[in-house]
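Chain B is already provided as a structure; the job is to place chain H on it using the hints.
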Amino acid sequence: MALASDSDILEQAEAWHRAGRGVAIATVVETWGSAPRPVGSHLVIDEEGHFLGSVSGGCVEGAVVSEAMDVIGSGTPRLLEFGVADETAWQVGLSCGGKIAVYVEKVVS
Amino acid sequence: MKAAFLQAMNSERAARRACVLVTDPVHGAQRLVLADGIAADPLHEEIETALRLGKSGMVEHDTGRYFLTVQAPPLRIVVVGAVHVSQALASIAHLLGHRVIVVDPRTAFASKERFPDADLLAQWPEEALPVVGIDRYTAFVALTHDPKIDDPGLMAALQSDCFYIGALGSRKTHAKRLERLASAGIDAERLGRIHAPIGLDIGAVSPAEIALSIMAEITAKQRKKPERPKGS
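These protein sequence lines are chains B and H, in that order. Throughout, this note's numbering is defined as the position within the first sequence, counted from one, plus 13. Residue 44 in this note's numbering sits at position 53 of the second sequence, with consecutive numbering throughout.
Please note that the accuracy of each hint is not assured.
[Unchecked claim] Partial list, derived from the structure: chain B residues whose beta carbon lies under 7 angstroms from chain H:
| id | residue |
| --- | --- |
| 1 | ILE22 |
| 2 | LEU23 |
| 3 | GLN25 |
| 4 | GLY35 |
| 5 | TRP45 |
| 6 | PRO49 |
| 7 | VAL52 |
| 8 | LEU92 |
| 9 | LEU93 |
| 10 | SER122 |
No lab work stands behind these hints: they were computed from the structure. By construction, the Cβ of each residue, glycine as well, lies at the ideal position given by its N, Cα and C atoms.
Extracted from the complex, chain B is given alone in its bound form (with noise of 0.2 angstroms):
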């Protein structure tokens, strides 16, 4: 079987929007250091929390999906950055010491 590849994700979130379904596209845009996902990577989100893709090895996925179910209800993008800041920081931050900056958008018609 074929792992998605990014084309295979933005076709799903062509799909899941014709469905008439709330959808976001989570963006790797910048990477500092060791990041686990290149710049480019994609994640698409469903009102639901529904998704498909990666932007980081899983560090951050969950964090990504609630941002994303917060821009499909607004509609309002974001910019969000995850690093290692503290011990605390490793639930939502990247345990390999990188920082990725995420662009969210959602998809309008």
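Showing chain H alone in chain B's frame:
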């Protein structure tokens, strides 16, 4: 993102045309630049560079910082020869998400049972390849060992701007192949594009290992910056 942009990005990709989405991540402004609109765009230099590298990224411009979502057509692999190595190559390429097209006029070889993950064309390369269209996002591989099938395929690939050309065979076999292609009128510079013996040197023995070495060489050609000297 406007749904119309998303839809256009998906349809441009399906049609194997490049496009770039320009986003101002601070203000949220966005535009989609199609292949024929690049020259007229204020960011045309940055867009062309990003497309050449096939890499999305942030760019600085007098008017601000923009994120370019680069959409180059998906890589595909055209394989001449529905042989044992090709079966393994089709599986590995499928895992990596690449489309594989197998061309072999011998219908006993080019069967769906043998190639569940590939598109099959039971035709001679000279008929099939003009229809397939070998473009700069295509890797071409000749694996039959039979000059009357491999050579016409190689001729077509050498006249295209595909990013990789590989041909199976020992150094001796390849030397003979180069003589034949040269006498067919192909110049030395073009002939130099053929990777032969094919694949990265990993000591491959089995068909699956040879397929792995070919796939690795194609990936290296796709991802690595060209001509990087050792140690830099």
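Outcome of the hint check:
1. ILE22: violated, 11 angstroms
2. LEU23: Since chain H brings a Cβ to about 6 angstroms from B/LEU23, closer than 7 angstroms, the hint holds.
3. GLN25: Violated: closest Cβ of chain H sits about 10 angstroms from B/GLN25, beyond 7 angstroms.
4. GLY35: violated, 12 angstroms
5. TRP45: Since the shortest Cβ distance to chain H is 11 angstroms, the answer is violated.
6. PRO49: violated, 16 angstroms
7. VAL52: Given a least distance of 5 angstroms, the restraint on B/VAL52 holds.
8. LEU92: This hint holds: B/LEU92 lies near chain H, its Cβ roughly 5 angstroms from the closest one there, short of 7 angstroms.
9. LEU93: Since chain H brings no Cβ nearer than about 10 angstroms to B/LEU93, farther than 7 angstroms, the hint is violated.
10. SER122: holds, 5 angstroms
Hints 1, 3, 4, 5, 6 and 9 from the list above are not met by this structure, while the remaining hints are.
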